[in-house]
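> Residues per chain are reported as follows:
Number of protein chains: 6
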Amino acid sequence: MTELGIVRRRIERADAQAVQRLSHFGVATIHEAMGRVGLLKPYMRPAFGGARLCGTAVTVLLQPGDNWMLHVAAEQLREGDIVVAACTTDCDDGFFGDLLATSFRARGGKGLVIDGGVRDVKDLAAMNFPVFSRAIGARGTVKATLGSVNVPVVCAGGLVNPGDVVIADDDGVVIVPAALAAATAEASRQREDNETGKRQRLAAGELGLDMYAMREPLARAGLRYID
Amino acid sequence: MTELGIVRRRIERADAQAVQRLSHFGVATIHEAMGRVGLLKPYMRPAFGGARLCGTAVTVLLQPGDNWMLHVAAEQLREGDIVVAACTTDCDDGFFGDLLATSFRARGGKGLVIDGGVRDVKDLAAMNFPVFSRAIGARGTVKATLGSVNVPVVCAGGLVNPGDVVIADDDGVVIVPAALAAATAEASRQREDNETGKRQRLAAGELGLDMYAMREPLARAGLRYID
Amino acid sequence: MTELGIVRRRIERADAQAVQRLSHFGVATIHEAMGRVGLLKPYMRPAFGGARLCGTAVTVLLQPGDNWMLHVAAEQLREGDIVVAACTTDCDDGFFGDLLATSFRARGGKGLVIDGGVRDVKDLAAMNFPVFSRAIGARGTVKATLGSVNVPVVCAGGLVNPGDVVIADDDGVVIVPAALAAATAEASRQREDNETGKRQRLAAGELGLDMYAMREPLARAGLRYID
Amino acid sequence: MTELGIVRRRIERADAQAVQRLSHFGVATIHEAMGRVGLLKPYMRPAFGGARLCGTAVTVLLQPGDNWMLHVAAEQLREGDIVVAACTTDCDDGFFGDLLATSFRARGGKGLVIDGGVRDVKDLAAMNFPVFSRAIGARGTVKATLGSVNVPVVCAGGLVNPGDVVIADDDGVVIVPAALAAATAEASRQREDNETGKRQRLAAGELGLDMYAMREPLARAGLRYID
Amino acid sequence: MTELGIVRRRIERADAQAVQRLSHFGVATIHEAMGRVGLLKPYMRPAFGGARLCGTAVTVLLQPGDNWMLHVAAEQLREGDIVVAACTTDCDDGFFGDLLATSFRARGGKGLVIDGGVRDVKDLAAMNFPVFSRAIGARGTVKATLGSVNVPVVCAGGLVNPGDVVIADDDGVVIVPAALAAATAEASRQREDNETGKRQRLAAGELGLDMYAMREPLARAGLRYID
Amino acid sequence: MTELGIVRRRIERADAQAVQRLSHFGVATIHEAMGRVGLLKPYMRPAFGGARLCGTAVTVLLQPGDNWMLHVAAEQLREGDIVVAACTTDCDDGFFGDLLATSFRARGGKGLVIDGGVRDVKDLAAMNFPVFSRAIGARGTVKATLGSVNVPVVCAGGLVNPGDVVIADDDGVVIVPAALAAATAEASRQREDNETGKRQRLAAGELGLDMYAMREPLARAGLRYID
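Residue numbers (this note's numbering), protein chains in the order written: chain X, 1 to 227; chain L, 228 to 454; chain P, 455 to 681; chain B, 682 to 908; chain G, 909 to 1135; chain Y, 1136 to 1362.
Simulated from the structure, these hints should not be mistaken for lab results. Don't be surprised by glycine CBs; every beta carbon is placed ideally from N, CA and C. Treat the hints with care, since some could be wrong.
[Unchecked claim] Stretches of chain X that chain G covers, calculated by requiring three or more beta carbons in the stretch to come under 8 Å of a beta carbon on chain G:
#, region
1, 2–14
2, 35–46
3, 162–176
[As the list claims (entries may be wrong)] With a straight-line Cα cutoff of 16 Å, these simulated EDC-like cross-link-like pairs (lysine to aspartate or glutamate) come out:
#, chain 1, residue 1, chain 2, residue 2
4, X, K41, G, E1124
5, B, K879, B, E897
6, L, K370, X, E75
7, Y, K1176, P, E640
8, P, K597, L, E259
9, Y, K1278, G, E1124
10, Y, K1176, Y, D1225
11, L, K370, X, D210
12, X, K143, P, E486
13, L, K425, L, E443
14, X, K110, X, E75
Please work from the sequences and hints to get the whole structure.
Structure (structure tokens):
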């Protein structure tokens, strides 16, 4: 359960090979392969164009206007981790900037997903440190109130457990539970293979109506064509 | 009237020459030339930078979380058409991605304007298939409930009839009724010619206050200058 | 006090040297150097990528859907001024486009910060005329109702007096009162010098926990580590 | 088509008997009876508790911050009319208060549906003059720019033609095209009769699963029960 | 983990006595007693004034515009349960009305907490069936796509497991994990006892500054008094 | 200028007689009498029905999620004061509840206007302690970071100086600068007298078109009547 004032040091990270395999697929594909669950809300956007992330979650629960726990999280990072930060209340302040990005990177961190604001976005782009956030906000934060690190958090409407796989691209952010990483990677590959064939048929002018055999169910549902 | 479960096959498209002439003007110019009506709400934004559209509307009414009707619409497309999709309720799901874009293009479709979400935006940008939407959302949709194709729809606050001209650029989206296409193109040209002269005078330092003869009406309205 | 129907011709602009010195720093740095006050709300965003501004404010109070006062403001501009426009009510209409940008530039104006909408954004980008706004809106405005020029205004949640320094970049917009310009520039320089050293230490893997001596206060606040 | 600067004096109002019959049904019932079309967006709320409306639409297109056309509309009212006001752009100003309510009532007007703000809500409640609006806003408006009266308008996402039937209650606002008024009243009655029986069976503990025969389609869709 | 297409029949409900004890306390008190976690987002509001709830959660995951799973949930209700419904995407449609309320009540259900819209609010008030929702929306829903019942859900930003205690009043909605119900009831009682004494001292004119001994920490933090 | 960490003990309150006279008028009337300035944004709503306020402002600047300064403000209250609280960033947390209301009342405070959240709304209604806020939020706050008391603040888009008159009712909140209190009371009285006559004429069926002599300016603006 979520509790304030706790740092969990040992977490079970998703299998590294599965993470590596998931890194080849887009967020939309993985979401479908998961059975249409696991997406964060669409207000989560990349702080700069072309950002893309795949790694394991170190979770953080922040208090509004307070980034103390991001410093605590830095110590818990391992190579390939992504910090996933939730906040106890909606807040667009700039919890994170280029100094913390420098620190995270030095400790193995690959990026940040934060249900809050970030700043120094020009520097983050120059560093090519991917960040997905709800806002860009120049207002800095204090270090006064405890949150937690590596507890389950609800970030942008999605449940994230420490060690889960986080994938983010231009389409949004999706969370794959650690235990499902390998199966989801496989399902994603199958889905993508399947889409390649469809794409060619559609490009040749075949209609989805025929390719997916929709005409009969549409008629049964009562669709009427009028000239 | 708007009704669910209908596909109208024959629509009256705006005159092709008028559409061609309208394609030279920006959304802001056309909106002014129309007498300041016809704009969709400003939350409609291009899914990728530099997108621009001008064509004739094939309209679609979607149900939330359901993109069945976009497949139905694909069959109704002709060269130069733009799909304009409304939804019976606000929904940011990703109704549209690169597969449908491939299908639309193969059938002559030039782009999409949708009061909903889209996904695969990186692919859409790579295809250079222009899309204007209310959101980017990775969550896919089902195919279970009937909407309609080629009925009048209210999309992002604007009424769109099948066959109307749709123009979209960085400033937003404007709809020109088919019957007004030629007159609006002409009015747009006059407006743009007129602006060229104004631009030169303003660049030379002349004030709008003088160029538009505003000093007298401002004084009459009671404007006071204080030193 | 804010009053409608007034144009103040003589305003006290911030010291030019101080403005010049402030132009070297980012919005986040200056906000911190000011003691964490002076930011406009984070919904204020650049109309095109890479925009950046530093100059002295000529303030404008607009009425919704009416840009008359922007023409009045053009006459009050001096070299290095930035127009800061508030509106008596929230409005996303396009109060400003490339013609007014041409006029402002010809009179010495360097950019615009507006709690409203703007249009012709492609042209503004081509002109490289920086604009920060709450929205992009193609809908033009009328010239019918008086506002004011060079009165104190509340723009996007921040108080702006004529002559104040306005700094805007990818992180947002900050206002420095004219009387504090020199001191703030100095404080910003100190802060930036200070950050350079920190950045190097963090890049070398030192933790913020140690660099900022946070371990003891965290323990005192009750933070518990669990294995 | 929507055009600015026009007042249509003669409009075709829905049949009075049909309006009378529709007045017995709630918005949710009528919406279903219409085939699930015709609702305005759910942000339209009553300005005071218990408000309820049923009548024929006199439509108004307003400019932001300007209520001139509401005065023009007053002259076009007949007994039983409801003013339906759209605005060319989103605006929460108080376009309407107790003076206009007094005037509307004196001319036969029964209420107001406005995609904008209203004020004097305490007085409106005391007068029991029903108003449904997007906002409550104390800021008054000017009388400077032309809109139109009795043209088709898009109000809160719904198309409204002059003479259409407007029904509003705690659940929202629905528009019934004049030509469909009688048929919709009849369909509403049938639907309500039908619901009475269902209500009794559900109250007795029968499940919707059984009453609507959902178990088989749920199983076919793949629903799994786990103990 | 959240999965679609599943109904869990056996759930572990919180201890009935603990639920009974929690029913005496307000949401704000319980949230504090829990250590400041467990609240749903503040956009969740009662559909009618004075509504109040305390019971055990039967959870539902809905699809947008589809209330099929609410019928499935009805069968799983026991005396004292509250349905907590999340949706896979934001949707303000009216998923729930007086017929479902009748059914829920007949099966022992005490109320509804739904991250979506509801309708028939006048009837719900007349029935005194408490509902807390994100919106009121007259638009009905279809029965076409599977969600789940009694899986963990994220509702309005909070994680809810089946069997958790749900408390809702004018201040909002809080979730108490089943295992913490008794301890939270006890902590709430202590907190409330403690507040009674404070209230009397404050009513007598004592300042919080003195009662909470804040003067010294304020001075240490640097607060300056100016005459 | 706004600065953090300051409490101003001596403030110049508006003349008590003028405040008393202003208490007879509604917010909409006073806003008009002020020349259409001084309103806070319309998202400021009463926490319970029928609330109404008129008094002198003690201003507070809060940090997000932190209500320390409200306790500091309590000591500065005199009979007839209203606390006006702004926050350095948007935050819907419950900064204020029945304990602080008890304290404020004991010190002479009449109510609260806060650009943030409040809780214990049922208790506040029972106490009849008027509160106008941007939100209702059960989440409590900490006491860790300094703001200020009796500095100028921007609250909900309006500038408020300590000692200004605050008037709030169902229509919203308006601020009258202390120096303008007497003149605004007089202008309000004249406006209200004037409206009484108008109301009677409108009730008798006279049109605003005639009473305000609008027909000629409408025709001049180009309004066309069509039969």
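> Is the hinted pair K1176 (chain Y) and E640 (chain P) satisfied, with a Cα-Cα distance of at most 16 Å?
36 Å, violated
> Quick one: see if chain G covers the region 35–46 of chain X, three-plus residues with Cβ-Cβ under 8 Å.
Check passed, 5 qualifying residues.
> If you draw a straight line from the CA of K1278 (chain Y) to the CA of E1124 (chain G), is it 16 Å or shorter?
Cα-Cα ~13 Å, so holds.
> Given the hinted pair K110 (chain X) and E75 (chain X), is their alpha-carbon gap at most 16 Å?
Roughly 14 Å between the alpha carbons, so the hint for K110 (chain X) and E75 (chain X) holds.
> Are there three or more residues in the region 162–176 of chain X whose C-beta lies closer than 8 Å to some C-beta of chain G?
Check failed, 0 qualifying residues.
> Holds or violated: K1176 (chain Y) and D1225 (chain Y), Cα atoms, limit 16 Å.
13 Å, holds
> Between the alpha carbons of K143 (chain X) and E486 (chain P), is the straight-line distance 16 Å or under?
OK: K143 (chain X) and E486 (chain P) at ~14 Å, within 16 Å.
> Hinted pair, alpha-carbon criterion (16 Å max): K41 (chain X), E1124 (chain G). Please report holds or violated.
44 Å, violated
> Compare the distance between the alpha carbons of K370 (chain L) and D210 (chain X) with 16 Å, and conclude whether the hinted pair is satisfied.
14 Å, holds
> Are the Cα positions of K879 (chain B) and E897 (chain B) separated by 16 Å at most?
20 Å, violated
> Taken at face value, is the distance from the CA of E259 (chain L) to the CA of K597 (chain P) at most 16 Å?
14 Å, holds
> Do three or more residues of the region 2–14 of chain X come closer than 8 Å to chain G, measuring C-beta to C-beta?
Per the Cβ count (3), the hint holds.
The earlier numbered hints that this structure contradicts are 3, 4, 5, 6, 7 and 13.
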